[in-house]
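Trainee: Here the protein sequences come in this chain order: C and Z. Note that the first sequence ends on residue 342 in the numbering used here; no numbers are left out. Note that the second sequence ends on residue 874 in the numbering used here; no numbers are left out.
Incorrect hints may have been included.
So the derived list for chain Z, only partly shown, Cβ under 10 Å to chain C, looks like this [what the hints assert, rightly or not]: (1) Thr395; (2) Asn647; (3) Thr786; (4) Asp809; (5) His812; (6) Trp815.
In case anyone wonders, no lab produced these hints; they're calculated from the structure. Think of the CB as a built atom: it goes at the ideal place given N, C-alpha and C, for glycine as much as any other residue.
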Amino acid sequence: MPASYQTGISTSPTNLLQTLITWLIAQGWTSDMSQAEDDGWRAHLHKGDLYVNFRAAEDEKIWPKEPPASGYWDSTEGYGIGLYLGDDHDGGLAWDRQGGRPIRTDSSTSGCGMNLPSGPVAAYHFFDDGEDHIIVVVERSPGIFCHMCWGPSMTKTGFSDDFPYFSASSSALRNTFKGELTHNRGGINITAYAPMSHMDKDPQSAGWVHSTAFVRVDAVTFSNRWVGNCSRDEAQFGYTGRYLRCALNGNPDTQATCDEDEFPGYQYMLSRVHQTAFAGALILPLHCYVLTDPGARWAPVGYPPSIFWCEGVGHGYAAGVVYQVGGLDYMLFPHFAVRKAA
Amino acid sequence: MFEIDTATDYIDLLQRLETFLTAKGSAFGLEYTGVGDGRLTDYSGGTLSVAETFTITATSPTQFSVIGSESGDIGPATVDVPFVDGVLEFTINDGATPFVAGDVFTLSTAPKWKSRRKALGCRVLATQGNAGIYAAQNLVDGKLTADTYRSWRVDAPVTIPQDIEFTFFEAEEITEYHLIASTSYDYAPKSWTFDYWDGDSWETLDTQTDITGWAPGEIKQFVIASPVSATKYRLHITAIPYTSLVSLGAIRLVRSAGIDAAFSQLILEAPGNDGDSQIFVGMHAFERQDADYFNWELITFDGYNASAHLYQQAGCQRRLYLPLWDASLPYWFICDGRRVVVIAKISTQYEMAYLGFFDPYFSPQQWPYPMAHGGSLALTDALPTWENTQYRWSNSSNNHRMPTHSDPGTAGSVTVGHYQLRSRNLDGSWDGYEASIVDSILATPGATKGIIWPYRCGISLLDTNLDDSHTLWPVMLCHWAPNTLGQLSGLCALSGQDLTAETLLRSGAIDWMVLPNITRTDRDDFLAVALD
């Protein structure tokens, strides 16, 4: 399917999700289910053997805990779109129980999403690089962006199976949060940090980071397959039984909490990747790593091929600018750049 | 292109490097797509190479066409038969899987480098004063001004006659000689002859008597009426003003064109990969028998002036060293039209020099001279005096590290001379880069410190890839301006997990050779060098 880019305005989380579904179908995705659920909307699509599951929340919680525990992982009812990937669809199962889902250590589903306002957003941007790597960027209010993305495989760095991935600007904890924030939260009251990066700090402790990115590795590496980028081995952080790490931890509130000194990371380059001698900004891969067992070391698991860390915005470039490097176009957003192949 | 061989000693290594760079053009950037698993090896430019790209395409399992973007069709080439042309040389070796029509290698070339100046220098032996701070070898260190602690000095009893003998590493025709007074100027020699060795006896070329009235650092020049070519000369001192002491600051043995042949120096001009550039690098071989070191000083320049002293060339950046020894040296030379990498093996230890351009993240119009200066020994700008064994390859301090693992050796105030890796700024100034501070990456880099990614950010627990292969990470120079200037060409970082020195890792059509950080072998102490 050719690459595609679409932009527009949506009126609600459900409207945004429906618009996205329409665009995805045009991009060759098959809709397995798209229907109202409670006050929101659920949708399940697939392309090949990659299944994507969405839930638009309209003043709801959407990430249930595993019975016999009751309640939800969401901190409050609110608005947003939840996301996770799987490898199957069963219409008889709840939106969060689809096959091949990331499973927390309490057996509930782990995922992430975009926190959204209840009403219109300033703009959305849908990108398909032509290889089914999808990124959705939403300017939820002027200058404040959130995002979610997924794709069939990380760029391969020494592995042969496809490693699907997904990421979003908020963890399940704040996917639907509404209310007053006492701290800055990327993708809610300030612009989001880069996809795949460590970004969503727990309200209780500086060292606790919730999962906002997941990679599905091969069974030899980890039998439960999905690994997430939280900092603690407890279900409430989205922990699936094995850690994922990203080279980038751009959130000042989460820095130095995710083993940054142990693998090629960007922690000391945070203010150094835009150019001042001449206009320019680096576009750097968002390398990810999985904790190996045995070994307790970090093995590279590639990077999303169409999303990059970039600090061009605020350093000579405005959000939405198309920046060209090596004959390729990239659309710049605060903290990241998206390959714009169409 | 690259060359792997063994030099007899550190001077032979210098001669071999000059030959490697200047005899033929360079060939580099080898890539391959195809079915056959044979390899293209032993590639280099030829004597007539220009900047161009060759497409070498299989027309059958054993025949390849060779098409240059400038030279046109210079083929065919036959598998397992060396291909030799004035602009390109290589051999395609057959593999287990035969080539099929359409398999294609691509390879770029650049013109050969030019040798702008070469003097191998000499070994100095005096009747007295060959060890310690005032050793006679100080006389040929290329000093520009008198230096109290780098002069030759003999205290009483002074033997008269006193000879200072110069043994050149290759024959030189000395046309004049210069004596430079030390700060102890009153004690300069008064009468002498300047002689050469004809193979049987010393023959006098010049005689001076009652030369007095020296001033500190004063240079007195003496022309030789009938120069000869010889490998040994001497200053035969027959009288001194005071019996208590004799001293000199330096002696220059000058050949035609005004070059001090006693002072080892090699200046090379790289053509750039475009063939239109002028990139100047240099080396100065120096030694101290008493301290048992035999090194190169590594230098870069902004330009070249044929009549100027090595250290007075435009933009001379120096005080960075390649520790070597005076014995057998396995070596690896790697070059393209923009930079050269020298790796030498001493015992079980590896030393490295990187001279020339890095790969910039700016256009040539923006950053026209992206020069990097890398060597494995940096002893600060306030250098130890020459008798100090810190210059030796056995130096185990953080002054001695691979350029990729540059470390200022202190968390305190530093200058560019503290770093094993430096780069030239747009304005011609230089800054250093750190991969660690006192072998640790835990402290946050200072706001005005250049860093080397990924080492400075830490890779202590980086594993192999899941299939046990190794990811090769670019070595980026991250200045603080901010500006990330670019990356070193043909050098990569990698995890040292499951690796040992000289392991070859195949990436595409190229082998990368693994090296440790001198004697350090932690997981974050390895790098890889492209043998391309």
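Trainee: Evaluate each hint against the coordinates.
Mentor: Hint check results:
The criterion of a C-beta within 10 Å of any C-beta in chain C is not met by Thr395(Z), whose closest approach is roughly 18 Å, and the hint is violated. Interface restraint check for Asn647(Z): the shortest CB-CB distance to chain C comes to about 28 Å, outside 10 Å, so the restraint is violated. Given the 10 Å rule on beta carbons, the hint for Thr786(Z) holds: about 7 Å separates it from the nearest Cβ of chain C. At about 5 Å, the closest approach between the beta carbon of Asp809(Z) and any beta carbon in chain C falls short of 10 Å, and the interface hint on this residue holds.
For His812(Z), the interface hint holds, the least distance from its beta-carbon to any beta-carbon of chain C being 8 Å, beneath 10 Å. The restraint placing Trp815(Z) at the interface with chain C holds, with a minimum CB-CB distance near 5 Å, inside the 10 Å limit.
In summary, the structure is inconsistent with hints 1, 2 from the numbered list given earlier, while agreeing with the others.
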